[in-house]
Amino acid sequence: MVTEEEIEKVAKLMRIDVDDHKEYVDKVHTMIDYFDILDSACVEDEEISMPEITISNLREDKHIPFDEKLIEKLNHYKGTYVRAPKMSS
Amino acid sequence: MNLKISALDYIQEVKTGNISAEDFVAKTIERIQNVDDKLNAFLSVNEKSVDQAREIDKKIKSGKKVGDCFGMPISIKDNMCIKDSKTTCASKMLEDFVAPYDATVISKLKQQDAIFVGKVNMDEFAMGLTTEFSAYGPSRNPWNIDYVPGGSSGGSAVSVSAFECVASLGSDTGGSVRNPASFCSTVGYKPTYGLISRYGLISYANSIEQIGPLTRTVKDAAFMLNLVAGLDPNDNTTIDNKNEDYLSGIESGIVGKKIGIIKEMMGDGIDPAVLSAIKDAISKLESLGAVCEEISLDMVKYSVAAYYTITATEAGSNLGRYDNLRYGYDFPLEGYEFNSYISKARRKFGPEVIRRMIIGGFVPSAGHAGKYFSKALKVKSKLTKEINEVFKKFDLLVAPTVPILPFKLGEKIDDPVSLFLVDINTVTANLTGKPSISVPFANSNGLPIGIQLMADSLNDKLLLQAGHALEQTVTLPEVPI
Chain A
27 MVTEEEIEKV AKLMRIDVDD HKEYVDKVHT MIDYFDILDS ACVEDEEISM
77 PEITISNLRE DKHIPFDEKL IEKLNHYKGT YVRAPKMSS
Chain B
51 MNLKISALDY IQEVKTGNIS AEDFVAKTIE RIQNVDDKLN AFLSVNEKSV
101 DQAREIDKKI KSGKKVGDCF GMPISIKDNM CIKDSKTTCA SKMLEDFVAP
151 YDATVISKLK QQDAIFVGKV NMDEFAMGLT TEFSAYGPSR NPWNIDYVPG
201 GSSGGSAVSV SAFECVASLG SDTGGSVRNP ASFCSTVGYK PTYGLISRYG
251 LISYANSIEQ IGPLTRTVKD AAFMLNLVAG LDPNDNTTID NKNEDYLSGI
301 ESGIVGKKIG IIKEMMGDGI DPAVLSAIKD AISKLESLGA VCEEISLDMV
351 KYSVAAYYTI TATEAGSNLG RYDNLRYGYD FPLEGYEFNS YISKARRKFG
401 PEVIRRMIIG GFVPSAGHAG KYFSKALKVK SKLTKEINEV FKKFDLLVAP
451 TVPILPFKLG EKIDDPVSLF LVDINTVTAN LTGKPSISVP FANSNGLPIG
501 IQLMADSLND KLLLQAGHAL EQTVTLPEVP I
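Residue numbers (the numbering used here), protein chains in the order written: chain A, 27 to 115; chain B, 51 to 531.
Keep in mind that a hint or two might mislead.
Label pairs and their computed distance ranges (CB to CB) [said to hold, decoys possible]:
1) A:C68 with B:N293: 39 to 45 angstroms
2) A:K88 with B:D290: 19 to 25 angstroms
3) A:S75 with B:S337: 49 to 55 angstroms
Here are the computed lysine-lysine pairs in the DSS-like style, where the Cα-Cα straight-line distance is at most 27 angstroms [said to hold, decoys possible]:
4) A:K99 with B:K421
5) A:K35 with B:K158
6) A:K104 with B:K142
7) B:K142 with A:K112
8) B:K394 with A:K112
9) A:K95 with B:K158
10) B:K98 with A:K88
11) A:K53 with B:K133
12) A:K53 with B:K292
13) A:K38 with B:K398
14) B:K133 with A:K95
15) B:K133 with A:K38
16) A:K95 with B:K98
Some chain B residues near chain A, calculated using beta-carbon distances under 7 angstroms [said to hold, decoys possible]:
17) A355
18) L383
19) M407
20) Y422
21) V467
22) S468
The hints are simulated quantities; they were obtained by calculation from the structure and are not laboratory data. We put the CB at the ideal spot given by N, CA and C, even for glycine.
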């Protein structure tokens with residue numbers, strides 16, 4: 027059984043203001059409870075298979091110039107830097 | 051001007067000079083203006099469409115080489131980038147985002163002289179299956195506007211079904227092409243994983259999502275697949291399809307094919323009208339010469355829980371990029387500390403996206419990953435093994451696309467678990483990477499029912515042949531709008 031505190035802690039780590047979204051936490055709780063069904067799948071011994079991605083498929087490692095200055099599409103930038111808020115006030 | 055024609059008929063008509071691309075596209079835009087207030091399929095309309103069509107007519111008249119689409123009007127789900135056009139993902143977060151480049155599917159269609167008449171509605175970031183989670187209001191089902199059109203590619207299905215375009219591209223992560231296709235009586239195609247490049251598709255759950263066409267006919271879906279499938283250096287999950295022609299031989303039929311009826315997809319909670327439709331579909335497939343037999347995929351009962359666990363985890367990671375620094379809306383930096391700025395910016399996400407992000411942070415987190423995320427991956431592996439075993443003996447699998455009929459707007463929006471069960475028949479194809487099609491098949495009191503067929507990986511051609519054969523066995527009513 028998942029506790030509300032655990033959900034709230036993860037939400038904060040995802041940078042979601044839980045105080046604003048209290049109403050969602052209940053629904054998240056219901057959804058996670060539904061996932062308990064995975065416990066009855068008896069797959070403990072199953073190996074996780076991941077699709078193979080061949081590296082021959084990769085695009086060439088060369089610089090392709092872009093025809094526009096993408097940084098100018100941002101709301102906040104200075105020269106060639108993205109502007110971000112201060113790390114601490 | 052008959053806007054109801056198929057893509058292939060449109061091309062024939064323009065080729066032979068019976069209609070001009072300009073007239074057809076102009077009438078299409080007029081149609082959008084007339085009906086879309088009611089349906090809300092379009093988030094933006096391309097105002098240059100008619101001019102672009104005129105240019106194509108000029109090319110035709112001057113004998114220049116013209117692309118295979120001949121100016122065919124297509125709608126595009128608003129999670130695919132068209133250079134210099136808004137791409138909102140139906141989210142307030144990307145309200146003013148203008149894509150700086152074309153998705154691979156868009157470049158390919160541009161080369162073939164397709165015209166993008168507009169970007170269409172969806173659930174925000176493709177999370178949902180009713181289009182009610184769009185930040186710009188729900189789309190409505192043209193068969194009955196009190197009902198949901200399905201989702202997340204709801205705008206794509208509505209625009210095809212209501213003759214606001216000839217074909218559309220959607221994306222399918224757990225049924226998001228097939229589900230609205232079934233609810234709106236169009237064809238919806240989810241190809242083998244890797245067949246269509248995802249470069250320029252805004253990511254939701256990369257490991258299982260695919261772009262797919264929504265069309266009026268199965269032949270049109272094969273035609274669209276011919277145009278957009280194939281290897282792409284910008285997406286290293288794409289596979290070489292050796293330029294397969296999906297349209298040639300589409301009328302080959304299914305004599306002698308073995309079709310498995312998936313028991314777990316016809317169980318509890320299935321609507322009696324859907325049950326009767328699938329039984330009818332099975333007997334039609336048998337009358338076409340196929341041999342149908344019941345099979346079991348034990349892992350299907352866990353597939354929806356595995357699907358949500360995996361997709362939420364991938365979404366939690368993919369949506370991390372929306373910190374409002376590189377993609378976002380206009381919001382001043384001053385007066386905020388870094389973390390509080392990002393938290394405030396992320397309030398622009400809608401409720402379903404917030405829910406799935408919280409889940410996406412929770413299920414793979416230390417202390418919980420063993421119970422949720424790794425079990426979900428194990429279910430995915432076991433389900434893939436099960437279905438691969440089945441495909442050793444069977445050519446195709448059949449089930450209803452959705453076990454219930456379209457429902458009213460607002461009816462299930464507050465009950466996430468009951469919505470989960472709408473996905474039960476579609477997520478298997480995504481989790482296992484298999485191709486799958488929804489073919490319009492029946493109509494119950496004015497509400498459409500689709501039948502889903504699945505084939506083994508890279509057997510897309512056979513799947514389209516079977517879809518076409520099934521499609522020919524029914525005559526369906528015309529959409530009442």
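TODO: Would you mind confirming whether the straight-line C-alpha gap from K133 of chain B to K95 of chain A stays at or under 27 angstroms?
DONE: Holds. K133 of chain B to K95 of chain A sits at ~14 angstroms (cutoff 27 angstroms).
- [ ] Grab the minimum C-beta distance from M407 of chain B to chain A and call the hint holds if it beats 7 angstroms, violated otherwise.
- [x] holds, 5 angstroms
Open item on the list: Please check whether L383 of chain B passes as an interface residue: C-beta within 7 angstroms of a C-beta belonging to chain A.
Closed with: Cβ of L383 of chain B sits 5 angstroms from chain A, so the hint holds.
Task: Given hint S468 of chain B near chain A, where the shortest CB pair must fall under 7 angstroms - done: violated, 10 angstroms
TODO: Mind checking the hinted window 49 to 55 angstroms against the Cβ distance between S75 of chain A and S337 of chain B?
DONE: violated, 39 angstroms
TODO: Please work out if K35 of chain A and K158 of chain B have their alpha carbons no farther apart than 27 angstroms.
DONE: Given pair K35 of chain A, K158 of chain B is violated - Cα atoms ~45 angstroms apart, limit 27 angstroms.
Open item on the list: With the threshold set at 27 angstroms, check whether the alpha-carbon distance from K104 of chain A to K142 of chain B stays at or below it.
Closed with: holds, 25 angstroms
Open item on the list: K53 of chain A and K133 of chain B were given as a pair; does the straight-line alpha-carbon distance stay at or below 27 angstroms?
Closed with: The hint is violated at about 38 angstroms.
Open item on the list: Tell me if the straight-line CA distance from K53 of chain A to K292 of chain B falls inside 27 angstroms.
Closed with: With Cα atoms ~46 angstroms apart, K53 of chain A and K292 of chain B exceed 27 angstroms; violated.
- [ ] So, A355 of chain B near chain A? Judge it on the closest CB pair being under 7 angstroms.
- [x] It holds, given that the least Cβ distance between A355 of chain B and chain A is near 5 angstroms, below 7 angstroms.
Open item on the list: Checking one constraint from the list: CA of K95 of chain A to CA of K98 of chain B, max 27 angstroms. Satisfied?
Closed with: holds, 25 angstroms
Open item on the list: Does the beta carbon distance between K88 of chain A and D290 of chain B stay inside 19 to 25 angstroms, or does it fall outside?
Closed with: holds, 22 angstroms
Hints 3, 4, 5, 10, 11, 12, 15 and 22 from the list above are not met by this structure, while the remaining hints are.
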